[in-house]
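Given next are the chains, with one letter for each unit.
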Amino acid sequence: MEVQKEAQRIMTLSVWKMYHSRMQRGGLRLHRSLQLSLVMRSARELYLSAKVEAHEPEVPLPPVRSPDPRLHQSREAEAVAEAAPPDGEQPSPEPMDTREAPPAEETPARCAPRPAKVSRKRRNSSLSDGGDVGLVPSKKARLEEEGEGASAEVSDRLQPPPAQAEGAFPNLARVLQRRFSGLLNCSPAAPPTAPPACEAKPACRPADSMLNVLVRAVVA
Amino acid sequence: PPSCWLFCSPLLPSPLTPALSPHRCHPPPSALSTPPSPGEGGEFRKQRPRGTQQGHHLQRNMAGAGGGNDIQWCFSQVKGAVDDDVAEADIISTVEFNHSGELLATGDKGGRVVIFQQEQENKIQSHSRGEYNVYSTFQSHEPEFDYLKSLEIEEKINKIRWLPQKNAAQFLLSTNDKTIKLWKISERDKRPEGYNLKEEDGRYRDPTTVTTLRVPVFRPMDLMVEASPRRIFANAHTYHINSISINSDYETYLSADDLRINLWHLEITDRSFNIVDIKPANMEELTEVITAAEFHPNSCNTFVYSSSKGTIRLCDMRASALCDRHSKLFEEPEDPSNRSFFSEIISSISDVKFSHSGRYMMTRDYLSVKIWDLNMENRPVETYQVHEYLRSKLCSLYENDCIFDKFECCWNGSDSVVMTGSYNNFFRMFDRNTKRDITLEASRENNKPRTVLKPRKVCASGKRKKDEISVDSLDFNKKILHTAWHPKENIIAVATTNNLYIFQDKV
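Chains A and B supply the protein sequences, listed in that same order.
Residue numbers for the first sequence follow the UniProt record's numbering, so the first one is 1 and each next one is one higher.
Residue numbers for the second sequence follow the UniProt record's numbering, so the first one is 1 and each next one is one higher.
It cannot be assumed that every hint is accurate.
[Stated by the list, open to error] One side of the interface only, derived from the structure: several residues of chain B facing chain A at Cβ under 7 Å:
1) 177
2) 235
3) 239
4) 249
5) 251
6) 258
7) 266
8) 267
9) 268
10) 289
11) 341
Please keep in mind that the hints were generated in silico from the structure rather than gathered at the bench.
Because the structure is a prediction, the values reported are computed rather than measured.
C-beta: ideal position from N, C-alpha, C; glycine also.
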């Protein structure tokens with residue numbers, strides 16, 4: 001529970017920082033945004049794994065008391081874990097190590113084929129920054145297109161993410177919405193390309209209002 | 001055309017030059033003895049004793065002989081405003097000695113460059129080296145607005161790099177996030193007098209009063225230092241420029257942003273070659289960015305660039321036009337016992353510097369400095385912990401944004417000692433030979449000249465000894481990100497937020 005709270009706090013903080021960084025002079029900084037999204041991802045994984053553990057105490061999983069055990073993974077496994085967010089719901093190390101096989105089926109929409117330049121490149125989407133760093137007003141409200149805003153009432157159906165980036169902030173909105181929709185909707189985070197979520201549907205806890213507000217602000 | 005180089009807004013005086021009056025890019029004609037030329041960056045009048053300049057190139061015992069701890073560092077000078085209220089424009093963003101060490105340039109967040117010049121040594125007073133005094137100040141970059149992206153482009157000077165001196169003038173490159181400029185700094189100490197058609201103040205004479213013909217002659221005048229932009233290299237970077245590095249051929253240089261590195265020729269401003277491009281086809285797959293890049297000091301075909309993942313890639317431009325494939329990849333496997341929530345972001349390299357010899361390179365990540373042998377890719381040959389006591393505080397440092405601070409590092413002239421900054425206005429030196437390290441503080445409390453700096457110590461945990469400082473009482477707003485070491489002597493320049501400290505070894 002503590003872990004969950006801490007992870008949520010860090011996620012909230014990261015969202016706030018991401019939002020705040022858009023306001024600063026010079027525009028969004030790619031490196032900073034990347035670092036923030038890395039932390040957000042780690043926090044999210046931690047949060048989800050802690051949540052799973054809280055609801056499946058009978059399952060003999062290694063206790064996730066700190067982020068460290070979770071992070072004993074090869075980079076490739078981590079890359080795959082990132083590409084398919086629900087992987088975070090399987091906290092035990094073993095599935096992560098053997099996750100090199102599933103990626104193909106789990107992330108069909110995300111496998112943009114590209115020549116492997118450097119083997120250590122991770123295929124994660126930590127930040128969708130489009131081609132431009134900047135505040136490009138999107139021509140259409142991507143949120144409407146996807147059917148949901150970041151509202152708690154929304155069902156957990158999510159459209160597949162559009163393949164083509166339209167600009168920095170629509171993608172960011174999408175990323176945030178996808179990542180945090182699970183928290184906001186009180187439902188298992190079920191990204192469109194993922195296998196069925198393996199966690200039991202948790203009791204609908206009231207969404208953290210601060211997080212809600214912040215994510216909505218950023219997504220808006 | 002010169003019009004694009006005109007700066008229209010008045011120049012605020014940099015606090016590093018308190019005694020000067022504000023100077024403008026287009027001073028009214030009467031302030032100049034020569035007709036103003038467009039694009040003048042600005043100048044100021046300075047009295048300077050004339051004389052030979054060779055005196056201060058005296059070679060001293062380099063730090064290598066004595067080591068970082070055998071040297072006693074003394075306060076020499078401090079430049080900048082005294083008050084605690086720091087104006088954002090005064091924040092120093094880069095510090096760089098020139099190749100001889102005679103000149104020391106600083107850039108700040110307000111887009112200004114201030115150059116200090118070392119006074120030639122007074123032979124009588126052989127117990128101190130020449131002081132650094134203001135030589136030139138000019139507005140290098142102005143804030144701009146990118147209308148297409150609705151983005152303001154900061155005028156903050158990210159980097160300054162000096163060109164080696166080829167003639168009487170000095171040249172440097174300065175860059176902000178988007179534009180690199182080549183500045184010429186030249187001295188003028190004589191002016192033509194005795195024109196036939198003009199009075200001395202520039203007014204034209206009534207032609208009917210001209211009855212004789214004479215040849216104008218050059219007469220000495222008060223020394224004037226002028227800075228003028230000679231080249232502007234713009235519109236080549238989509239992302240924010242983090243590094244520039246001049247090649248050892250002295251004809252080309254590279255500029256690096258988050259995803260690309262471009263190669264320029266110093267004479268050609270309308271095009272550059274892209275030599276590294278790590279932008280993924282789908283930006284959603286972005287996992288790392290370029291954080292720093294530098295040319296090898298001797299091999300004009302070799303350069304390195306560091307990444308946010310803690311790797312360094314060495315590239316050879318002879319291999320192919322686009323150096324996406326590295327020749328060498330320097331990466332240390334992560335120590336699993338150090339793995340933590342924030343490991344990824346603290347492994348990001350904030351600075352990379354070749355040794356003067358070219359045999360080694362140094363990288364700075366958030367907690368450590370690593371020395372790499374170019375012949376060994378799988379791990380650094382030396383690792384120095386800068387402030388390991390912060391490892392348990394990473395969460396708080398994330399909250400206050402300090403975890404994103406980009407510290408630089410530098411070598412001494414003989415490559416035997418390396419230096420980097422920390423918090424609480426502390427800076428650290430590591431002697432590679434004796435393996436000893438020292439922590440010093442840049443503070444106005446020690447500001448009597450030739451006061452020996454007292455080594456500082458941070459108490460990580462447990463009982464705090466006398467004179468130690470506990471981690472929790474460190475001031476994280478006082479950070480030293482930029483330091484520079486004189487190329488030949490034991491003189492260092494250390495930048496706190498808005499002050500520049502100069503320290504020398506005890507002579």
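Hint check:
1. 177: 6 Å, holds
2. 235: Violated: closest Cβ of chain A sits about 14 Å from residue 235 of chain B, beyond 7 Å.
3. 239: 6 Å, holds
4. 249: It is violated, given that the least Cβ distance between residue 249 of chain B and chain A is near 28 Å, above 7 Å.
5. 251: 29 Å, violated
6. 258: Because about 4 Å separates residue 258 of chain B from the closest Cβ in chain A, which is inside the 7 Å limit, the hint holds.
7. 266: 26 Å, violated
8. 267: 29 Å, violated
9. 268: 26 Å, violated
10. 289: 5 Å, holds
11. 341: 4 Å, holds
Of the numbered hints given earlier, the model fails hints 2, 4, 5, 7, 8 and 9; all others are met.
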